[in-house]
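A.B. asks: Add chains B and C to chain A, keeping to what the hints say.
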Amino acid sequence: MPKLGTVMRTTLVAAIAALATATAATARTHDTTLTGAGSTFVAPLLAQWIQPLGSAYGYSLQYSAIGSGGGIAAVTGRTVDFGASDAPLTPDQFAACKGCVQIPWALSATAIIYNLDGVKNLLHMNGATLAKIFAGQITKWNDPAIKKLNKGVDLPGQQIATVHRSDNSGTTYNFTDFLSSASPAWKSKYGKGVSVNWPVGTGQRGSSGVAAGVSQTPGGIGYVDVAYALKNHLKYFAMQNRSGKFATPGLKGILGAAAAQVKPDPTTNELSIVDPPTKFKLAYPVSTFTYVIVPTSSPKAAELRKFLFWAVTRGQSYGPKLLFQPIPKSVLVVAEKTIAKIK
Amino acid sequence: MSSHGITRADVQAVNLPRRRIVNSAMELLAWLAAAIAVAALFVVVWSVVKRGAPALNLDLLTKTPVQFALGPVKQGLANAFAGSLVLVGLATLMTVPVGILIAVYLTEYAAPSVRSAVSLALDILNGVPAIVIAIFVYGLFVVGRGQSGWAGSFALACLMLPLVTRSTMEVLLLVPGSLREASLGLGVPRWRTTLSIVLPQTLGGIVTGTVLAVARVAGETAPLLFTSSIVGTRVSWSPSHALQSIPVAIYELSESPDPADHARAWAAATVLLAFILCTSLAARWLASRGRRRLSTSR
Amino acid sequence: MQAAESPRLSDRRFRAGDAALQLVAGAAALAACVVVGLIVWKVIAGSLPSIRAYGVHFVWRVAWNPVLGHEVYGAGSFLFGTAVTSLVALLLAAPLAIGVALFLTELAPRFLRGPVPALVETLAAIPSVVIGLWGILVLGPVLRDHVEPALHSALGFIPLFGPASSSGSSVFTAIVVLTIMILPIVSSISRELFLGVPRELREGALALGTTRWEMVRGVVLPYARSGIAAAMILGLGRAIGEAIAVSQVIGSVVGIHWSLFSGGDTLGSKIAESYQGGTTKLQVASLIYLGLILLVFSLLMNVAAQWIVRRGARRQGVGTNRGALG
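Protein chains in written order, with my numbering: chain A, 1 to 343; chain B, 1001 to 1298; chain C, 2001 to 2326.
Watch out, some of these pointers could steer you wrong.
When the alpha-carbon atoms are kept at most 25 Å apart in a straight line, the in silico DSS-like pairs for lysine-lysine are as follows [unchecked claim]:
(1) 187(A) / 245(A)
(2) 231(A) / 1063(B)
(3) 120(A) / 140(A)
(4) 98(A) / 2281(C)
(5) 321(A) / 1074(B)
(6) 2281(C) / 189(A)
(7) 1074(B) / 231(A)
Some chain C residues flagged as far from chain B (calculated, every beta-carbon gap over 12 Å) [claimed, not checked]:
(8) 2072
(9) 2080
(10) 2084
(11) 2255
In short, the hints are calculated from the structure, not lab data. Note that CB positions come from ideal geometry on N, CA and C, so glycine has one too.
Chain A extracted, bound-state conformation (with noise of 0.2 Å):
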């Protein structure tokens, strides 16, 4: 053989390097990966249960916050292991998901936050008075129907920027369901979604977006999961629930609510305890439910079983700090059924 050239000799160096990297690349997939994506609203305890779940199973989990209707979409196309949504699928989505099953595995609730210089934190809201808020009919902060809710408070006349999710998001769901319920008005406007058509204010992408959007918005509100509020130290309202008494959105609070809907819906295994009826007292009007997506026959069900039921056991304890409530047992033992339905 004639010698080679050095620019054949470098090419074939090359494809040998790739080839060695393709087959070396490809042949380390025996370390378990589950990959899930959807609601930013479970997102902070899910990233509690990383560490443990590696240590307890060696299962690594990647997860990647793009809202519920992602999840949604990303557990359809199979792009991924499982979906996470706050919005309960609809049956048009149960369908195009084919043969999956909803299974709620987390419990807590949609903080208000506000960024207001010099005053206190939890004043007084309710869900008549927001949704005019969001729709841009109320603007600035010293608004009666404000001062009316928060008699002894100095309001400045700061105007109010409101700041939405971009992105679908079952936390726009689970905060528009309130607002159809609190306000026949915003219901027949605009509705309850994962988006809406939103008629003021700018929208961020993720609980994170707009958390920040708020935080560096003087005069913004905004709605995220409470632990986002906690996090960043935003104040956030304390809600007028039917009773008429103003909840916060602690786990006293959020288990108030959950009151409202013991068991689950016996087919899609939804629950709802959106502004729940007068008699629950405690109850913090924003709570919801969030569920894991989960198709019924999947390549990884082993380990998908084995991943769901230690999120819905051991992975309830890492909830409180983040002001999740564990989930009530009734909703446990249909979830555990659930569960045994991956094959």
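C.D. replies: Coordinates of chains B and C only, in the frame set by chain A:
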């Protein structure tokens, strides 16, 4: 001759004082424009370095991120650095051989009509916005299969290909025809001539083009957004799963409310900028050295 | 090399090697064409459900309501956002860029003529995500706290200058970011063009007694006219394709708002924000439809730039200087 706009009034001496004033005003505006442009550069780079340098520490490279930490915790972006290396490295390995082959084909073998068709295809590829490339690769590789480093690298490779091909073509065309003819005249087959005589001459240009393409692609976020963004926190070198990358990490951290996240974003941005500036300078130096060599090789 | 071997066309190794290289290289070229075809096909195929639902009216409908049961999508709001941000950015960047180029070719002292072009090109090398990071955390607050209120109080009677944005994320911030991004492109191309103006033309004008500005206005600018137009179109193409930095600073608001200080969205930034979270098939298809519109515009810009260059070169009777624009 192209039309010109010199009027009689322009050259009449009687208007001279007014014309001089207008001239000085225009010169001032030009100085101002240059000052603004250079100032913009300095403001951006200075902002990044001023905020990034204090946050630059070894933790950034050695520790992995801790998602949603409630208190201050030592974390870094090790997974993003590793991931970027793999993604850009794989993209380069995918692009360079293909780019060289296409350039060889266009300069040595293609009929003029084929050459213009392929050139048009490459020009179109160059003009496709990165976000559309992301949609394309998502539909091709991610749907049904999941994200992966391969998909991300392929998206980056699509961006690199026109650059590498074009720069290789430019240097191939610079090789004197006499060299080829001499080789063919001595009995060397055409393919050996191309591979062993012509290409080695162009190696410098190919390397320069590749380095420039790497500099361009190292900072690209859009192609990786839907193809390699659902990532874990551990350092992984395997492209069979999605890998975190520096630009995507910066993108996510920039939208966070936590000032500690911002600090890490600035630090990562500083490293990225330094890398891109060094590679651009290296490419420039290589190019000038190549030019010198070509001019002295006659 | 075996010099004793004379070329025998019947030599099988001779032919096989040539055929092999031609085949492999041709396959690579074909692969590139196939990839481009695939891109166009995938984008059209992906947007078909939306094209079938809305037809061409999608392009100018100003609506984007993803609420299930009331779904309505349209590109009008984002087309407006893209047009406003890109055109105003070009309006700001082009004079600056031409000014910089003129400075470098006519006025700069010798010691500046090396480093300054390099510095301006470095601006082009800054990744868009870094400019976006700077935009969110540094530029946005400065514009919100100082520039926008000043402009609003001085020029507030013009609807363009409404009340200052609350968060710093606005169309105006996006415009400034885009201006910084397209300035280097237009500037470096213009500088190459000005350097290419024949000395005789310049010196002839000066010999007639024109001032330097008159010479520039009368000789340099007309000579480089088509090239500058092409450079501006390339810069415009860059601006409309930019998704990342814009999505970080524009505030994500649907609808047509005339104030530059309100939020907005462009074709690219809407895709970047919403694509991963697209829930229904119609929504995903509509987002890809946005990508199709974006692709069409980008390609048109590219083709237009090339055409202008060729037409200008033909008029000047000079071969196309692809080097400057390549």
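A.B. asks: Hint by hint, note whether the structure agrees.
C.D. replies: Structure-based check of all given hints:
1. For the hint linking residue 187(A) to residue 245(A), the alpha-carbon distance of about 23 Å falls within 25 Å, and the restraint holds.
2. At most 25 Å may separate the alpha-carbon atoms for a hinted pair to count; residue 231(A) and residue 1063(B) meet this at roughly 21 Å.
3. A distance of roughly 17 Å separates the Cα atoms of residue 120(A) and residue 140(A); the hinted pair therefore holds under the 25 Å criterion.
4. For the suggested pair residue 98(A) and residue 2281(C), the alpha carbons sit about 15 Å apart, so the restraint of at most 25 Å is met.
5. For the given pair, residue 321(A) sits about 20 Å from residue 1074(B) by alpha-carbon distance, which is consistent with the 25 Å threshold.
6. Distance restraint check for residue 2281(C) and residue 189(A): the Cα-Cα separation of roughly 24 Å lies within the 25 Å cut-off, and the hinted pair is therefore satisfied.
7. Only pairs whose Cα atoms come within 25 Å are accepted, and residue 1074(B) paired with residue 231(A) is accepted, the gap being roughly 16 Å.
8. With a least beta-carbon separation of about 22 Å from chain B, residue 2072(C) lies farther than 12 Å from that chain, consistent with its non-interface assignment.
9. The claim that residue 2080(C) is not at the interface with chain B holds, since no C-beta of that chain comes within 12 Å of its own (minimum 18 Å).
10. With a closest Cβ-Cβ approach of about 18 Å to chain B, residue 2084(C) is found to remain outside the 12 Å limit, as its non-interface label requires.
11. Distance to chain B confirms residue 2255(C) as a non-interface residue, since its nearest Cβ pair spans about 22 Å, more than 12 Å.
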